[in-house]
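Peer 1: Okay, here's what each chain looks like letter by letter:
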Amino acid sequence: MAARRIAAAAARASRWMLAAAGWALMGCATLIVFDVLARNFLGFSTKSTVELSGYLLAVGIAWGLAGTFVDRGHVRVDLFLQRFPPKVRGYLHLAALLLLAVLGGFFTYGAWRLVQDSVAFRATDISVLKTPLWIPQGLWAAGIAVFTLIVAGFALHAARLLAAGRAEEVDQLLHPRTYTEEATEAIEAAQQGTTHPTDDGRDPR
Amino acid sequence: MIAVGFLLLLVLIALAFAAGGSGTALPVGQLLVLTALFLLFFGAGVYIAAVLGVLGLIAGLAYSNRPFWDFVGSILWGPSTNFILVAVPLFLLMGEIMLRAGLSEKLYRSLNLWLNRMPGGLLHTNVVSCGVFSAVAGSSVATAATMGSVALPYFRRTAYDPRMVLGSLAAGGALGNLVPPGITFLLYGLITETSVGELYLAAVGPSLLVILLFIGVILVHGLRHPLPKPASVPLGTKLVSLVDLIPTLLLILVVLGTIYAGLATPTESAALGVAGALVAAWFAGRLTFAMVHESVVATARTTAMIGLIIFGAYLLNYVLASLGFPQMLAQAIAGIPVPGWVLMALIIGFYLALGTFMEGFSMIITTIPVIFPIVKQLGYDPVWFGVVVTMLVEIAMISPPDGTVLYVLQGMRKDRGSISDIFIGVLPFVGVYIIAIFILMAAPQIALWLPQAVH
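These protein sequence lines are chains A and B, in that order.
Just so we're aligned: the first sequence equals residues 255 to 459 in the numbering used here.
Just so we're aligned: the second sequence equals residues 253 to 707 in the numbering used here.
These aren't lab readings, by the way, just hints derived from the structure by calculation.
What you are looking at is a predicted structure, and each value in this text was computed from that prediction instead of being measured.
The beta carbon of each residue, even a glycine, is placed where N, CA and C say it ideally should be.
One or more of the hints may lead you astray.
To be verified - Now the stretches of chain A that chain B is said to cover, found in silico as 3 or more residues with beta-carbon under 8 Å:
{"#": "1", "stretch": "299-308"}
{"#": "2", "stretch": "332-338"}
{"#": "3", "stretch": "412-425"}
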């Protein structure tokens with residue numbers, strides 16, 4: 255049961271990080287708007303907006319990776335996948351996870367090396383803030399690392415399920431999002447923004 | 253499946269020509285291995301980012317003696333902090349807020365007063381309101397979802413052919429990325445180092461062309477299947493109704509006006525657009541914390557999806573470029589003794605086929621690094637090709653059976669009809685969209701005159 259608790263905690267953490275990534279992007283918009291307005295109407299500029307919004311984008315991408323993975327949001331081509339029997343599909347899911355985990359491991363290693371270099375050389379950006387680069391790079395690397403850990407965890411889980419002959423469960427956990435699922439989300443969002451004046455049946459014209 | 257067969261054939265032809273048709277020392281064996289691995293991973297449903305990235309790892313370890321793993325951090329950090337790329341999540345965020353802001357209702361009603369007496373009536377309103385909405389939203393799914401939710405109730409208990417209703421809305425959705433500001437242009441500009449401002453200028457002519465062709469399709473349909481015209485509305489009422497367009501027009505002015513006037517970079521105007529969308533939502537009485545939170549989470553998800561593919565693609569491109577593959581391939585293919593337009597037609601066919609089963613953004617990020625050097629070698633204008641590729645992505649979004657936009661509309665129907673209604677209804681629009689690409693091949697000036705006039 256420990257495995258299930260770990261899985262639940264990982265899913266919660268990744269969704270929390272996804273929300274944080276989203277608000278980082280909103281922060282990015284706020285920062286840029288402030289800079290544009292200040293430059294045009296108040297006659298000054300933060301002179302570090304390009305750098306800071308870049309860091310916010312880096313966090314916005316990296317911290318969202320894990321949550322998007324858990325929500326099955328990373329793109330795969332499912333054209334052939336759906337044609338295989340569930341058992342084969344289970345193994346294909348595992349292969350996809352392992353490759354993603356290998357790549358994630360490589361990314362994490364690269365990101366970590368970058369942070370180490372920035373610390374060693376005391377690298378800062380060229381903005382007026384002279385931000386030590388290890389800070390944004392460290393946050394960014396942490397997002398990639400969490401993503402990799404969660405993918406690896408899913409791979410382990412999938413391997414154990416397959417070993418126990420429960421291929422269908424692997425498929426349920428990982429099948430790519432269908433167009434219908436994506437569509438449903440867009441529709442729900444749109445409908446909360448609309449009132450239907452014609453639902454009473456009168457001719458709108 | 254026909255599409256897949258066609259793609260395989262194209263890849264084989266390209267490789268055969270590249271191997272035999274030229275004197276350059278193309279590493280055919282290595283290219284064959286990489287292509288085979290790509291097709292295997294791709295078909296097995298591996299995450300696109302992992303297909304690209306792992307291929308990069310394999311190519312780097314097998315064929316390159318440079319310690320490329322020392323650079324992985326900087327390869328990924330570059331795009332992660334790129335100021336142009338910042339515009340992508342911001343335009344996405346703007347679209348997500350607009351989707352929930354309820355501005356589209358008034359837009360639709362107001363345009364309808366002007367258009368509903370043409371043959372084809374309300375159907376024109378579908379296309380034109382989508383076109384206008386596209387100028388504030390950079391995404392096709394957001395455009396189709398927003399306008400679809402507003403438009404469909406208007407058609408209940410009318411004699412309009414449901415196929416045309418759904419087809420015209422899907423077609424309108426496919427304007428979302430083409431009408432500036434679109435996200436596809438940002439990704440293309442990032443990968444090919446083309447000016448996004450110029451791409452946005454070049455998209456104006458083709459956008460109008462596609463809208464006119466759509467209106468043409470509806471006119472023909474309207475003349476063939478005449479419906480009684482609604483009573484004419486006095487001009488005064490029509491003019492008053494224009495007031496409802498003001499918020500949308502203001503937003504267009506803030507976003508596109510600032511880019512075109514050179515007052516703001518696309519990234520800055522995207523940020524202003526987010527602020528404008530929030531103000532618009534506040535005016536419409538829909539600005540709540542929950543609504544904004546949902547918008548930012550949805551934005552973060554799409555951003556991470558695009559970001560991961562960019563990571564994989566950048567790694568692969570770094571390794572391939574260090575091996576000199578894209579340039580060699582471009583030269584080899586350009587050396588094939590057939591006219592350039594034949595190759596361009598094949599490239600367009602390649603995208604149309606790929607688009608039937610691959611998501612639009614990932615299609616761009618995956619293919620442009622390989623295709624773009626070829627196109628440049630053939631002597632085509634990068635800005636022109638950016639517009640053509642965006643149109644191809646839009647066609648991908650509405651080409652049956654795998655267009656997201658089509659499923660959005662299907663999900664909104666209340667009449668429980670079959671999805672084949674949408675598949676059939678959208679076909680004439682897909683047809684004229686493809687015709688628009690060929691018109692653009694024959695007359696590139698439709699895209700290029702505006703950027704040239706501005707300079």
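Peer 1: Taking 8 Å as the Cβ threshold, is the statement that the stretch 332-338 of chain A is covered by chain B upheld or broken by the three-residue rule?
Peer 2: holds (count 4)
Peer 1: Can you confirm whether chain B covers the stretch 299-308 of chain A, using C-beta to C-beta distances below 8 Å and requiring at least three such residues?
Peer 2: holds (count 4)
Peer 1: Take the stretch 412-425 of chain A, compare each residue's beta carbon with every beta carbon of chain B, and decide whether three or more fall closer than 8 Å.
Peer 2: Check failed, 0 qualifying residues.
Hint compliance for this structure: hint 3 is the single one not met.
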